[in-house]
Amino acid sequence: MPLDILMEIVVLLHPRDLLNLARTSKEWRAFLMNRRQEPLWKASRTRQEPTLPDLPPFLSEPAYANLMFFKHCSGCLKPTAPNVYWEFGLRLCDPECSSLLSLRYRNEHPDGYYTVVSQVGDTGYTYLSCVLPPRGSRHRQCAYLRSEINEFCQRWKGLTTKEEKVQFLQERHEAIRIRAEICKPLREWDMARKSDRVDELEALKEERFLAVQRRLADEGWDKELGFMGQAGLQELCLLRCVKKPTKLTAKAWSNMRGEVIEFMQKIRTTRVSYERQELVEQRIKCLCAAYEEHLTTGTQEQRLRHDGYELGPGDLAYIPVFAELLEAGDDTEVSKRSFLSLMAQERWPAYVAQWKERIKGCCKAIALADLAGRNVPVHDADNVLRLAVAEFRCRLCKETGLRWPDILNHRCFRSRSAGWRPLVDLNFDASVRFICKGDVFLVNPDSLRLHPAALEVVAACGQDYGKVTYEEMQACPVRLVCNHDTHWLYQCPRPRPLLDWRAAIDHRREIHPYESFDNRRKESPWSMVGKRLPEQSRANNVAEASHQEQVSLALS
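Numbering of the sequence shown is given in the UniProt record's numbering, commencing with residue 1 and proceeding in unit increments.
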């Protein structure tokens, strides 16, 4: 091939391609690395990279191309060395990977930084090109070019007069300033190129993401895309197969379609659940409106239970006939009139009975779980609430002595503070609490527990606390004496009172609330005595009053 035609072809190549071509064979290397071909390199650089700054005076054209367009380390030749030391014309993976640099605070080499300082003085560092390694490097110490240090020392040793040394230092200072000015546009161009590359990759990612959305919309996932919102779209965008900075082809879509469809299937499940929840909540609002209208049609006394409390709209939501309407299919039309037709006065007692039975079942489950956790065998699980130990304690307000059915009157289970709904955990209970707020009675298993004082007292009376009922304990003639009263804080001049089982529970709860309820102790906190006499009962009532008065004075 004629040389002129070859030159025309080579000029069209990028400097990076020219350098790769020079590395293919010795002939090409000898041809392209010849200094006479410098105009060829310059023409390629100005044609392919017009914004690239001019050639620095301390670099050749091939070295300039290698520094700007390749990431090989100048010391160890690793293929990835992003850190460029512009003042030195080097690209290094780490300041210590090569003997080309000398760190400021290391003096293990005779031609190190302190060699210059020892000859010139403490200001010697101002006459050497200095670079601070970029962030992420293992060493954040000022680095100096070792060849520059050697040259400086040789020149300095050849100077004899003070005027020559001063002139030399001025020349060095000016050369460093000029080199810094030359390197500034190089650094800015490199940062701009990296920024443009980042923008280019982000544009490719955005284009691929939009193409994925179009593919999904064509396959019928447009409702899910509209439901996802910004957070859901961001999660889709961060999928490994979606965030690649390449264009989406038909083959690429066929390879990634399974992973994307699996993700969208989860979104569809959430969307259907959310829409279903919105429908149920709309029906709950209709139930509340029907309840308010029902209050104005009849007298309140006709709706009251025997203990003076009435059902709320949230309680009605758990009655089977109302729950069936609330959870009917999407094609079933449910309105306020649908609920009003079920709120006849003659049906109200049945609703109350169903509501009480539901709450009773919740309390049974809590009691059985608590007794099972304490290894207490229950002989009759259906009548567990009749047991003497079925005495609950509210963990919200710390109130004790709650028994069935008095627990229906407890205020904590109608708290209006429950008017919130977790969006990540949609369920029927959350919707009822959110819409009805305090107009629903819900027993939280985490807020209700059996009081251990009842177990301790029943065991001290010699009864089987998994079998004995409340009525049987009321008729029990056994009386107890508290052994904790022997403590100096509870001592009184009169005899310790005799307590029946109810008084013993109250005594344990009020006088000794911080004593341990460990049933495995060898010493029982109670001493059992026989059946008390009427005159002894009156005397001990007085002793009990005096005892409580002294305890109050001691604690005040």
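In short, the hints are calculated from the structure, not lab data.
Be careful, since some hints might not be right.
[Unchecked claim] DSS-like cross-link-like pairs, simulated, lysine-lysine; straight-line CA separation at most 25 angstroms:
hint	residue 1	residue 2
1	Lys364	Lys336
2	Lys244	Lys266
3	Lys184	Lys223
4	Lys157	Lys205
5	Lys194	Lys184
6	Lys467	Lys437
7	Lys26	Lys71
8	Lys285	Lys398
9	Lys205	Lys285
10	Lys266	Lys194
11	Lys71	Lys194
[To be verified] Cβ pair distances, simulated, as ranges:
hint	residue 1	residue 2	range
12	Gln230	Lys78	35 to 43 angstroms
13	Glu333	Phe227	47 to 55 angstroms
14	Leu239	Asn383	18 to 26 angstroms
None of the values given here were measured: they were computed from a predicted structure.
Even glycine gets a Cβ: it sits at the ideal position worked out from N, Cα and C.
Checklist entry - Out of the numbered hints, which ones does the structure contradict? => result 1, 3, 4, 6, 8, 9, 10, 13 and 14
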